[in-house]
Amino acid sequence: MIQRTPFANALTYGVMIFGFLLLIGPFIVIVSGASQTFQQVNAIPFSFVPQDRLFENMGAAWSRANLGTAMLNSFIMASLVTVGKVSLSALTAFAIVFFRTPLKGFFFWMVFITLMLPLEVRVVPTYAVAADLFQPIRLLISAVTGFEVSVDWNLLNSYTGLTLPLIATATGTFLYRQFYLTLPDELAEAARMDGSGAIRFFIDMLLPLSRTNMLALTTIMFVYGWNQYLWPLLMVTDPQYKTTMMSLVALLPSDNGTPDWNVTLAGSLIIMLPPLVVVAVLQRWFVRGLVATEK
Amino acid sequence: MDKRAAFRSWWLPSLFALPQIILILLFFYWPAVAVLRWAFTLEPPFGGAAEFVGLANFQEVFADPLYWNSVGVSLAFALCGTLATIFIGLVLALAVDRQLPGSAPFRFLYILPYAIAGPAAGMAFRFILSPERGLMASVNAAFPDFWNPAKYGSHALILVIVVFAWKWAGYTFIFLLAGLQSVPRSLIEAAAMDGCGPIRRAVDIQIPLLAPTLFFLLVIMMTEGFVGADTYGIVARTTDGGPNHGTDVMVYRIVEEAFRGLNYSGASAQSLVLIGLIMIFTFIQFRFIERQVHYK
Numbered sequence: 001m002i003q004r005t006p007f008a009n010a011l012t013y014g015v016m017i018f019g020f021l022l023l024i025g026p027f028i029v030i031v032s033g034a035s036q037t038f039q040q041v042n043a044i045p046f047s048f049v050p051q052d053r054l055f056e057n058m059g060a061a062w063s064r065a066n067l068g069t070a071m072l073n074s075f076i077m078a079s080l081v082t083v084g085k086v087s088l089s090a091l092t093a094f095a096i097v098f099f100r101t102p103l104k105g106f107f108f109w110m111v112f113i114t115l116m117l118p119l120e121v122r123v124v125p126t127y128a129v130a131a132d133l134f135q136p137i138r139l140l141i142s143a144v145t146g147f148e149v150s151v152d153w154n155l156l157n158s159y160t161g162l163t164l165p166l167i168a169t170a171t172g173t174f175l176y177r178q179f180y181l182t183l184p185d186e187l188a189e190a191a192r193m194d195g196s197g198a199i200r201f202f203i204d205m206l207l208p209l210s211r212t213n214m215l216a217l218t219t220i221m222f223v224y225g226w227n228q229y230l231w232p233l234l235m236v237t238d239p240q241y242k243t244t245m246m247s248l249v250a251l252l253p254s255d256n257g258t259p260d261w262n263v264t265l266a267g268s269l270i271i272m273l274p275p276l277v278v279v280a281v282l283q284r285w286f287v288r289g290l291v292a293t294e295k
Numbered sequence: 296m297d298k299r300a301a302f303r304s305w306w307l308p309s310l311f312a313l314p315q316i317i318l319i320l321l322f323f324y325w326p327a328v329a330v331l332r333w334a335f336t337l338e339p340p341f342g343g344a345a346e347f348v349g350l351a352n353f354q355e356v357f358a359d360p361l362y363w364n365s366v367g368v369s370l371a372f373a374l375c376g377t378l379a380t381i382f383i384g385l386v387l388a389l390a391v392d393r394q395l396p397g398s399a400p401f402r403f404l405y406i407l408p409y410a411i412a413g414p415a416a417g418m419a420f421r422f423i424l425s426p427e428r429g430l431m432a433s434v435n436a437a438f439p440d441f442w443n444p445a446k447y448g449s450h451a452l453i454l455v456i457v458v459f460a461w462k463w464a465g466y467t468f469i470f471l472l473a474g475l476q477s478v479p480r481s482l483i484e485a486a487a488m489d490g491c492g493p494i495r496r497a498v499d500i501q502i503p504l505l506a507p508t509l510f511f512l513l514v515i516m517m518t519e520g521f522v523g524a525d526t527y528g529i530v531a532r533t534t535d536g537g538p539n540h541g542t543d544v545m546v547y548r549i550v551e552e553a554f555r556g557l558n559y560s561g562a563s564a565q566s567l568v569l570i571g572l573i574m575i576f577t578f579i580q581f582r583f584i585e586r587q588v589h590y591k
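These protein sequences, in sequence, are chains A and B. For the record, in the first sequence the residue sitting at position 209 is 209 according to the working numbering, with numbers rising by one throughout. Just so we're on the same page, the working numbering is the position in the second sequence counted from 1, plus 295.
Hints listed in this document are in silico derivations from the structure and should not be mistaken for laboratory results. Please note: incorrect hints may appear among the correct ones.
[To be verified] Anything over 10 angstroms on all C-beta distances counts as not near chain A; from chain B, calculated:
#1 F347
#2 K446
#3 I573
[To be verified] Okay, the calculated beta carbon distance ranges per label pair:
#4 A:L115 with B:D440: 43 to 51 angstroms
#5 B:A473 with A:N9: 17 to 25 angstroms
#6 A:P136 with B:A399: 30 to 38 angstroms
#7 B:A399 with A:L273: 20 to 28 angstroms
#8 B:A437 with A:Q3: 39 to 47 angstroms
#9 A:L115 with B:P360: 29 to 37 angstroms
#10 A:P102 with B:L395: 55 to 63 angstroms
#11 A:R200 with B:L320: 25 to 33 angstroms
Treat the numbers as computed from the prediction; the structure is a model and nothing was measured. Note that the Cβ used here is the ideal one computed from N, Cα and C, for glycine as well.
I would like the entire structure built from these sequences, with the hints used as guidance.
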């Protein structure tokens, strides 16, 4: 648009730079704080100039909070959540969209209702389920046959327990559903005309077509899985299964100890890095996934 | 919403949907039923079967002033957090949407905070806005006791709202920018022709046309503020609900009550109230979105 607006342009740049300071400023503080010595980080006023001790501090944080295991666990957890969501949602959405069956509406509503209750509000009973997985089955058996069976299987301290309850929601299913609904009817018609069955249509046509969707969902779910806090906190008591978000506590300087915030900041920088890299590198897919899942 | 050409089979779709349905039954519906059961029963202190107590759990919850405190805190947190994120997102989106030279990198940078987990961000902000070090120490040196989230509940509430707003501003920014880009260019050009400057256009044309997006974000962010995964994490890692219950949001209180107080019945009753609240939000959102989005 050709219009001379010097004042508005200056204001626009001012706003954008202010936004930069507001949203990226904290990162700058974290990085410069993490690269300073103990004395420098506690100095008043705070100096924004990064120093050269970043890797030393990171090393100290790494060993203090045992970040090696935690990073590995978080990575496994985030990957499992991602794979589970991306594959299971594709299957369910296929069943909901491409079949004419009386069960369709039932499946749809069953999945849709899960959008309403995030894990945080049903966390208490979900924990009880995970701690005693066979309870519903036991109740069912004793109701039907009158026998008391004592099988016990809990998911505490396991990757299954960390991931399955997070997969049991509907976000991904709706992303696929919307995409499938935009596909022209002729596609499935042509496939049927050529003698393809439902499974073949799904594998040979739908999956390749939904590559974009999968990538978008993958980025979102990885970040979602990595950033889980409350659920791992409840599920895990064994240090072997600790995730990064749980090791944040170990990084915090104790009330009466030395306030070595440089190490704390370096540690939280390590923990922030993987999802940050995913979002930065795959931003296009990430944004697309975000906008699509929320509709 | 039906496809014209569909495959006909009843067992195949059931097979496809089965894995997810089992997971949902086990980890969603069964716990949801348990919430209901616990909310109306009470476990005797020395073991034995749970006893049906009707609405007693709710009466107890509603009689507790700390519960109403947490409702107030949650409301303040969600409302201020929502307004702050939407305001920041809107102003930044309006600026970036002008597509002045050099604005592309900003568009990339603004989304980055969204990648950070609430608890990790909370830890960092504990340092950044700490009263003794970081950015606020110099202010506190000049005006003693000006800022101390460890001492004043209101300051702590501001602190968690800042963390929330920081994390979510990039998110609203994405949606608002997408909304702005769908405003017809010809409309803006016509307004410019009639002598409207950029600010006037923003206020009189762009923002009114963004109303659906703004409303959508309002609902989403309010839900996020009340029950979002990050709300718990931010509060737990930044202020621990304190000082003196100053940041004791509803989700935090439920988890504390259940796992520290081991009061499953009270926690479930509180969960039910919260669930009712979310259902209202979701209902509004669904009604609204079904009207807005057309698939074909």
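We went through each hint and held it up to the structure:
1. The claim that F347 (chain B) lies off the interface holds: its Cβ sits roughly 17 angstroms from the closest Cβ of chain A, which is beyond the 10 angstroms cut-off.
2. Consistency note on K446 (chain B): stated as away from chain A, and its beta-carbon is indeed over 10 angstroms from all of that chain's, at 14 angstroms minimum.
3. Its closest Cβ contact with chain A, about 6 angstroms, brings I573 (chain B) to no more than 10 angstroms, contrary to its assignment away from the interface.
4. Checked against the hint of 43 to 51 angstroms, the C-beta distance between L115 (chain A) and D440 (chain B) comes to roughly 46 angstroms, which is consistent with it.
5. Between A473 (chain B) and N9 (chain A) the Cβ separation comes to about 23 angstroms, which falls inside the hinted range of 17 to 25 angstroms.
6. Hint check: P136 (chain A) to A399 (chain B), Cβ distance near 53 angstroms, so the stated range 30 to 38 angstroms is violated.
7. Taking 20 to 28 angstroms as the suggested C-beta distance range, the pair A399 (chain B) and L273 (chain A) conforms, at roughly 24 angstroms.
8. Checked against the hint of 39 to 47 angstroms, the C-beta distance between A437 (chain B) and Q3 (chain A) comes to roughly 44 angstroms, which is consistent with it.
9. In this structure the supplied range 29 to 37 angstroms holds for L115 (chain A) paired with P360 (chain B), their Cβ-Cβ distance being about 33 angstroms.
10. Distance hint check for P102 (chain A) and L395 (chain B): the Cβ-Cβ separation is about 57 angstroms, which falls inside the suggested range of 55 to 63 angstroms.
11. Restraint check, R200 (chain A) to L320 (chain B): a C-beta distance of roughly 29 angstroms satisfies the suggested window 25 to 33 angstroms.
Consistency with the previously given hints fails for numbers 3, 6, ordered from lowest to highest.
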